[in-house]
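Colleague: Letter by letter, the chains look like this.
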Amino acid sequence: MNNSDKIKDDNKSYWKSLKAYDNDPEVLKLKQNEFVDGVTDEFKSSQLPDISRRKFLALLSASAALTATACTDYRDKGEIVPYNKRPENVSPGTANFYASTCNGCSQACGIIVKTREGRPIKIDGNTDHPINKGKICAKGQASILNLYDPERLNNPTYNKRKIDWSDADSNIIDALNKSQTDGKQIAIVTGAIVSPTIKKVFDTFTAKYNNTKIYSYDLLNDAIRRDAWFECYGSNDYPSIKWNEPNIILALDSDFLGSEGNYIENMNLFTQKRETLSKLDFNRLYAAEGRMSVTGSLADYRLRIPPDQQYDFVMALTNELLKKGSAISINSQVQAKVQKFSLNKFERTVGKEKLTHLVEDLNANRGKSIIHAGDTLSKDVHIAVNLLNEILGNTQIYDYKKTFKTVLPGSTKGDFKQLIASMNNDGVGVVIHFDSNPVFTLAGDFGYTSALKKVETIVALTESENETSSVAHYTLPINNQLENWGDAYVRGGVYSLQQPVISPVFNTRQKEAVLLTWINGKTNSYSHNIYHNFLMDNFNTEIYPRKKPFSDQKTFWLSALHDGVVTLDENIQPSKEINTSALLNTNESLSNGFVLHLTNSYYLSDGKFANNGWLQELPHPITKVAWDNYAAVSPNTAKEISVENNDLVEVNINGRNLTLPALVQPGMSDKTINIELGYGRKVCGDVGKDVGSNSIKLISKDSSISPFIYSNASIKKSSGTHKLVTTQEHHSLDDTFVKDFHRIRNIIQEGTVNKYKNDSNFLHHEKHEVFSITNEHEYNGMKWAMAIDLNKCTNCSVCISSCNVENNIPVVGKPQVERGREMQWMRIDRYYSGTPDEPIVSNQPMLCQHCDNAPCENVCPVNATNHSPDGLNQMVYNRCVGTRYCSNNCPYKVRRYNFFDYRDEFADAYYENDLTALVNNPEVTVRSRGVMEKCTFCVQRIMEARSNAIRDGRELKGSDVVTACQQACPTNAIVFGNANDPESPVAKLRDLNLAYHVLEELNIKPNVTYIAKLRNTHSEEIA
Amino acid sequence: MSENKNLDRKKFLSIVGLGAGIGFLSSLTVVKLFKSKIYNRKNVSVKIHPSAVKRNDKV
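Chains as they are written, first to last, in the working numbering: chain A, 139 to 1161; chain B, 862 to 920.
The set of hints was computed from the structure by calculation and includes no laboratory data. Fair warning: there could be bad hints in the mix.
Simulated restraints on C-beta separations [to be verified]:
(1) B:D918 with A:K827: 18 to 28 Å
(2) B:D918 with A:R957: 25 to 35 Å
(3) B:K919 with A:K1126: 50 to 60 Å
(4) B:D918 with A:K555: 28 to 38 Å
(5) B:K919 with A:N730: 36 to 46 Å
(6) A:D675 with B:K919: 22 to 32 Å
(7) A:Q471 with B:K919: 52 to 62 Å
(8) B:K919 with A:P230: 19 to 29 Å
(9) A:P230 with B:D918: 17 to 27 Å
(10) A:I1088 with B:V891: 22 to 32 Å
(11) B:K919 with A:G972: 16 to 26 Å
(12) B:K919 with A:Y221: 19 to 29 Å
Built from N, CA and C at the ideal position, the CB exists for glycine as well.
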């Protein structure tokens, strides 16, 4: 009996289908066959492909090998050549340092240039220089890229065709002689001259070609301030300000902390009265301005006053304070003039409370306060401010020892009008542009360009092609500042020297040497050290006798080059009594509709740095816009003219117009338009060409208030939009849809001085209790940590610029910044709170926090990011496979991913060339596509310090390591060191009761501590 | 049908593939030669200035 019978006998029957139940023959057949029909049918082997398995595998491996070959980069990367015959005193792997002077602007800061194997790779401040004291600005830091700009001019040209230097010299000498014979003028058009030796070259040139006239012009200058000082005191040289002394500072459209004067020195001095470690003795800053500047963003009180009403404001303030007393006698005429003005006019826009505080503070701090007017304001405002400072007895805040000197007075607009008239009348034979670009920087209504084209011989001495060289006959390439000899005398008692740290890379010459050759009149008189000898002779004649050192001239010269600066004893007398009657010639403001305010670009200067990718990509300190300028207007004005961000607007003044994108800027005064200068270059390298809009077009030679302020402007919405890219929406920790999110999550923690004095623990009352469910790792040895004092951070971005240079950060370009892919390891987050009309601005530098419980380390699938024994969050580039999970997990959004090989990607591989590759720091890996990177706490500097300590047989100390950002910070807001050393500054700051960590409730234990900002207001509340 | 063809699909593809492989390998050599010999590289001269004075002792 089989199983199925057994099953049947048991009266149980199992069937899978109805056909099976009915014993369908088809089903029975299926049951008998193992396979379905057709599956095991016989096949014909002749129909199979005639290739054996062996052959198939051979073909497969051959094609794989070919594919692998195709994937290799077969480009010749050049030869590796051993450094057998190296120059004396150069050790591969060891840096050499040279002292020099920066030429980025007319402040002539002292610098130290770091070189490796003969090439400069980093510029930092010279600690011996008494003015900038070891710090320089963002432009100075990034200016090293200009040396390696692939579009630097290599050879002289005549009408765009290459010629030899000897031919150029010969032709130009002939032209000069001819001009002399014909009685035509020879014009040398130059920027501001701060070098006494260049002045001597000019004098020698003028002696040889006595038809020569020198025209000195800089778009961004302090000419108005000097003129006003001359009117008041009879001198063009004016004193600097001891910013570390006043208790009350009133800045009138004066961006002294951001872009005017020597702001590096200003920041350093100002923040000496913002110290939290010692006894609190804060100064109080009032900023009265129309735009939102860096200085305004740092102010304890901000007063929105349009720039064309500043005169009325100062006079009204003078009136109020004069009633309470005066340190000098004021005649009745001046009194009568002042009495016409009243602060009531400003009560509606500024608020009575703020005005009352201001008047009371200035009155209570007579002699210990300062009022400072910005460079762009009118001469009348400066005269009024000089008088007010005298009335308040604030002249003791003036620093006459560091007076701003004049080497070569700037030319007036009358001088230029004469020059242009002469050019139009064929009265000028030769125009030599001495590293200047007046075709771009001079106001268009001068008619300079059209007049220039009538001159027989136009020479442009320039580093790169620019608007002026494009119309010149002879374009002669000159050295970069790092290839030059030079000197500077900007401040009283300080004589700086400039020396070349690299021989000229191309066939360029020092511009002064070119002039000396023409003075000699013989083309073969040029030699590479002609100006070096001239400079040395001048130094031995002018400086050596004044110092009377024990050493001989040669030794003293070498020691001066070593130090980079010579301090001189100068008995500079304070200015004589003020001429109060100068005020009688001043005029009240004539406000009429919109006021246009043209201001200094923070990073491009007058357009000189337009082709510097690092500076173009550096976000604007207030708006965080990169790669563009815009017309900034207040929210109310934007509503009035119906514009939003990115809408194109047309700004018009007396027929001069400019179309550019609008940006709604909180905190601006209504009916004020602010546009930055230096953008819109047309003849420039590929990086800077057509970036932004040229606002110099709006400047007129016949401005009534000042060349930078126009009170009869109009603005209207134009058609179309232009996308402005900002970095503020990326990686932001706050949610823009939630107001004051940065305060709710305690990303920014702030207080007031009064609150802190009453309750020093106010930050800690509502702290989260943080605990861990695991055993915490103990760092018993060295533990690297950083502290950032937000009282001192001014949002200047020098730290970012320094980090870019030190760590080989690539430039990515505008389209990539739009996607949030900028590669800067450090950023400064800018938050607003309060109202759009009266915002309170908070800044916070954000970088990798090197968390002890780093959320990025746990999620890396290949362990490319891990933690070092001394507390660093490390990144192993060659392990990284680019999942970006670490960046996803980082709550601070500080990780940067190389979506492309940016050296290849940016501007058709603009920076992928042999020359620009020299700027890279050899101590830092150059990252390629597909890897994640972030701040490393300058691990290369830590390793260098560690190996030096091992070599010297000593322990490594926290103070041995200075990160690039810390070294660059002008206010020393960034402190780095060993958190386990209780005596170290960083440990003391971590223990301060103002110290906090961002997002500390997440228990990721960041090692960057922030010191909460204290605002010095009259109340305990911030606003 | 395939018996009438002098060059069937298999032979054609193998010739193409062989040709592509030879062409690719030879192009590597030509490009390399061209780049190194004919193309004018911008000669970057990096030389320390002989008169510059170092200050390694006081940075």
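Colleague: Please go over all the hints and tell whether each is borne out by the structure.
Modeller: Structure-based check of each hint:
1. Evaluation of the 18 to 28 Å hint for D918 of chain B and K827 of chain A yields a failure: the beta carbon distance comes to about 44 Å.
2. A hinted range of 25 to 35 Å is violated for the C-beta pair D918 of chain B and R957 of chain A, which are about 47 Å apart.
3. K919 of chain B and K1126 of chain A have their C-beta atoms about 27 Å apart, which leaves the hinted 50 to 60 Å range violated.
4. Checked against the hint of 28 to 38 Å, the pair D918 of chain B and K555 of chain A fails, with Cβ atoms roughly 53 Å apart.
5. Remark: the range hint 36 to 46 Å for K919 of chain B to N730 of chain A is contradicted by a beta-carbon distance near 57 Å.
6. The given range of 22 to 32 Å is respected by D675 of chain A and K919 of chain B, whose C-beta atoms sit roughly 27 Å from each other.
7. The hint said 52 to 62 Å for the Cβ distance between Q471 of chain A and K919 of chain B, and at roughly 57 Å that hint holds.
8. At roughly 23 Å, the beta-carbon separation of K919 of chain B and P230 of chain A lies within the given 19 to 29 Å, and the hint holds.
9. Checked against the given bound of 17 to 27 Å, the beta carbons of P230 of chain A and D918 of chain B, roughly 20 Å apart, stay inside it.
10. At roughly 51 Å, the beta-carbon separation of I1088 of chain A and V891 of chain B lies outside the given 22 to 32 Å, and the hint is violated.
11. Range check, K919 of chain B to G972 of chain A: about 47 Å between beta-carbon atoms, so the 16 to 26 Å window is missed.
12. Restraint check, K919 of chain B to Y221 of chain A: a C-beta distance of roughly 26 Å satisfies the suggested window 19 to 29 Å.
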